[in-house]
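Chain by chain, the residues run as shown.
Number of protein chains: 2
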Amino acid sequence: MGTYKAINLVKRNEGHIGPELFEMVEKTTPQPADGEFLVKQAYMSLDPAMMGWMTADTDSYIPRVELGTVMRSSGIGEVVASNHADFAVGDQVMGMFGWQEMALTDGTGVNKVDKKIPPEMALSVFALPGLTATQGLFGCGDPKAGETLVVSGAAGSVGSIVGQLAKAEGLRVIGVVGSDEKAGWIINELGFDGAVNYKIDDLGAKLDELAPDGVDVYFENTGGPIQNAVFERMNAHGRIVVCGMIADYTSAHPSPGPNWMRIIKKRLSIQGFTMPDHMHKAGELQAKLAPYVQRGEVKYRAHVLEGLESAMGGLSLFLTGDNKGKLMVRL
Amino acid sequence: MGTYKAINLVKRNEGHIGPELFEMVEKTTPQPADGEFLVKQAYMSLDPAMMGWMTADTDSYIPRVELGTVMRSSGIGEVVASNHADFAVGDQVMGMFGWQEMALTDGTGVNKVDKKIPPEMALSVFALPGLTATQGLFGCGDPKAGETLVVSGAAGSVGSIVGQLAKAEGLRVIGVVGSDEKAGWIINELGFDGAVNYKIDDLGAKLDELAPDGVDVYFENTGGPIQNAVFERMNAHGRIVVCGMIADYTSAHPSPGPNWMRIIKKRLSIQGFTMPDHMHKAGELQAKLAPYVQRGEVKYRAHVLEGLESAMGGLSLFLTGDNKGKLMVRL
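Residue numbers (UniProt numbering), protein chains in the order written: chain A, 1 to 331; chain B, 1 to 331.
Keep in mind that the hints were calculated from the coordinates and are not lab data. Keep in mind the model is a prediction, meaning the values are calculated, not measured. Check before you lean on any hint, since a few could be wrong.
Copies of the same chain are indistinguishable here, so a pair counts whether it falls within one copy or spans any two.
Lysine to any residue pairs mimicking SDA-like chemistry, simulated, CA-CA at most 20 Å apart [to be verified]:
(1) Lys265 - Glu66
(2) Lys167 - Arg295
(3) Lys265 - Arg72
(4) Lys116 - Glu78
(5) Lys40 - Leu104
(6) Lys5 - Met24
(7) Lys112 - His280
(8) Lys299 - Asn188
Assemble the whole structure, with the sequences as input and the hints as a guide.
Structural data, given as structure tokens:
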């Protein structure tokens with residue numbers, strides 16, 4: 001009976017998210033009881049939503065992670081021991097396995113993943129990011145060929161898929177990013193029509209240049225100054241999908257939103273959504289997404305950190321914008 | 001061939017809306033040509049939306065009123081001369097007749113109104129206010145029995161009907177008003193469950209007291225500080241219907257809206273709407289509204305100004321909140 005490593009959350013963040021909030025512990029590897037199985041994780045996913053799970057705020061849509069417990073995360077791995085009728089040793093499985101090398105589970109929320117799908121693709125496209133992009137774009141954004149879509153966090157795991165799906169649907173797609181490298185990637189590799197670098201561009205002028213006919217769909221992943229600039233350019237009957245507000249996850253003083261007059265004048269729809277409400281249709285969303293992937297219309301890049309302990313510093317990359325592609329940890 | 005009086009818009013407002021923006025003119029009464037008829041107006045409706053029609057802003061959902069032309073308004077009156085096959089002398093008709101004693105029309109947008117319906121009721125309930133309330137509440141607000149609804153401008157022409165319809169549907173209804181007199185009216189006469197006087201109450205504390213389980217539907221007629229207080233109390237899957245922003249119609253520096261984080265956390269829907277998009281289903285909306293009126297569930301009060309010239313100072317009552325009930329001018 002061996003041991004494995006896990007990382008507990010031990011402190012709430014107060015503005016900075018780094019290793020000081022966590023503690024590495026060593027645990028004894030358990031034996032699965034009846035109806036349980038043991039997963040050896042291969043990759044853990046790091047997602048912006050995790051920062052929300054760590055806060056003291058209890059007024060959220062998903063329970064916070066309690067101090068002294070394993071940090072919550074999704075991941076992919078292999079079943080290495082099983083007393084569960086539906087999961088066999090050798091199965092590739094995805095689930096909320098947390099920041100640990102081994103996870104014991106009764107199968108709740110665990111899905112098998114075809115072993116032909118590489119784990120990096122599974123986490124980048126068919127897990128939370130791809131499901132979020134698909135649900136948000138098609139469930140709330142009502143994209144129509146010929147319209148203009150702006151997506152913030154456009155080089156991120158959700159935004160990059162939103163933009164590619166919208167391109168495939170015939171929309172003009174503008175991405176908001178935080179570096180010229182990311183701007184180049186979404187234009188040259190992903191086929192976006194244009195990019196705004198919010199750190200250096202004059203936001204309004206650049207949007208006027210790239211979206212001269214205004215904006216029909218805004219997919220909001222970040223909040224911050226770009227929000228006002230896009231909002232002011234929304235067309236009549238425009239739709240805004242509010243998916244993430246990364247600029248405010250760690251802010252003590254969230255900045256105000258735009259005045260609502262334009263909501264009336266342009267009869268805008270603004271819809272907030274989070275994936276936990278829609279996880280029951282994960283299979284349906286994966287089926288919707290698969291043909292785009294098969295046609296080569298959805299590319300991804302994985303930003304892979306090495307080793308369990310790298311997770312502790314990894315989340316801060318979302319705040320600095322230094323992640324390049326879907327962030328994950330290889331164990 | 002006699003003459004009649006009309007009021008032209010001659011100046012754009014810069015913060016204040018009063019008689020200085022208008023000019024009374026005398027016109028020769030025309031004879032209706034083929035396909036036309038002449039209406040002698042009995043009452044003109046004054047509505048908050050008219051302030052939007054007067055601004056220099058051309059980026060609106062309805063064309064602005066050009067300087068030197070008759071101020072736009074809806075009204076009710078009697079056909080006094082007709083060369084139109086569908087309208088006969090003596091018919092009671094409602095339409096966009098403008099600020100004038102007589103109106104020549106080809107019938108576009110003009111509806112006949114059963115002469116059993118008093119003109120004050122027609123303008124208060126079956127015209128713009130009632131249609132707006134019905135479309136906004138049922139088309140965007142998705143009210144469900146047992147839920148809590150907050151409506152701002154609750155003693156106004158739209159808000160008072162929204163609240164009464166919601167009460168009839170079994171919701172808990174809280175109205176936001178600007179005087180104790182209005183608070184008493186909506187509670188004692190209209191049957192609201194509670195009232196917030198935004199001019200004197202501690203908005204947050206009062207809302208916590210009146211809506212202890214939070215707010216499911218917010219019907220926004222005013223903007224201003226109440227917006228943030230209600231927004232912060234919206235429940236999961238709450239709906240916000242943005243119908244009016246009277247606090248900002250004449251403001252040079254509209255105040256910002258709330259930060260959007262709550263839109264995600266509570267998966268809120270925010271829908272802007274204006275009646276011109278829905279006027280094609282006016283008949284359907286009137287039919288939806290009629291049974292509530294017949295059952296005595298929709299009461300109204302008319303605030304009647306006397307004489308054409310009183311319109312020029314009348315709109316400012318919306319800004320001071322001194323109107324009591326549906327504002328209209330008797331000619």
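Identical-chain pair category, Lys112 with His280, by Cα at 20 Å: within (15 Å within a copy, 51 Å between copies)
query: When no copy is specified for Lys265 and Arg72, does a C-alpha distance of 20 Å or less occur within a copy, between copies, both, or neither?
result: between (42 Å within a copy, 18 Å between copies)
query: Is it within, between, both or neither when you check Lys40 against Leu104 at 20 Å Cα-Cα?
result: within (9 Å within a copy, 82 Å between copies)
- prompt: For the identical chains here, do Lys5 and Met24 meet the 20 Å Cα criterion within one copy, between copies, both, or neither?
  reply: Intra 7 Å, inter 85 Å, cutoff 20 Å: intra-copy only.
field: Status of Asn188 relative to Lys299 across identical chains (alpha carbons, at most 20 Å)
entry: Classified as within: same-chain Cα gap 12 Å, cross-chain 62 Å, threshold 20 Å.
- request: State whether the alpha carbon distance between Lys116 and Glu78 is at most 20 Å within one copy, between copies, both, or neither.
  value: within (13 Å within a copy, 77 Å between copies)
- prompt: Taking 20 Å as the upper bound on the Cα-Cα distance, should Lys265 and Glu66 be classified as within, between, both, or neither?
  reply: Close across copies (19 Å), not inside one copy (44 Å); limit 20 Å.
20 Å Cα threshold - placement of Arg295 relative to Lys167: Within one copy only: 13 Å inside, 53 Å across.
Figure legend: structure checked against the earlier numbered hints; every hint is met.
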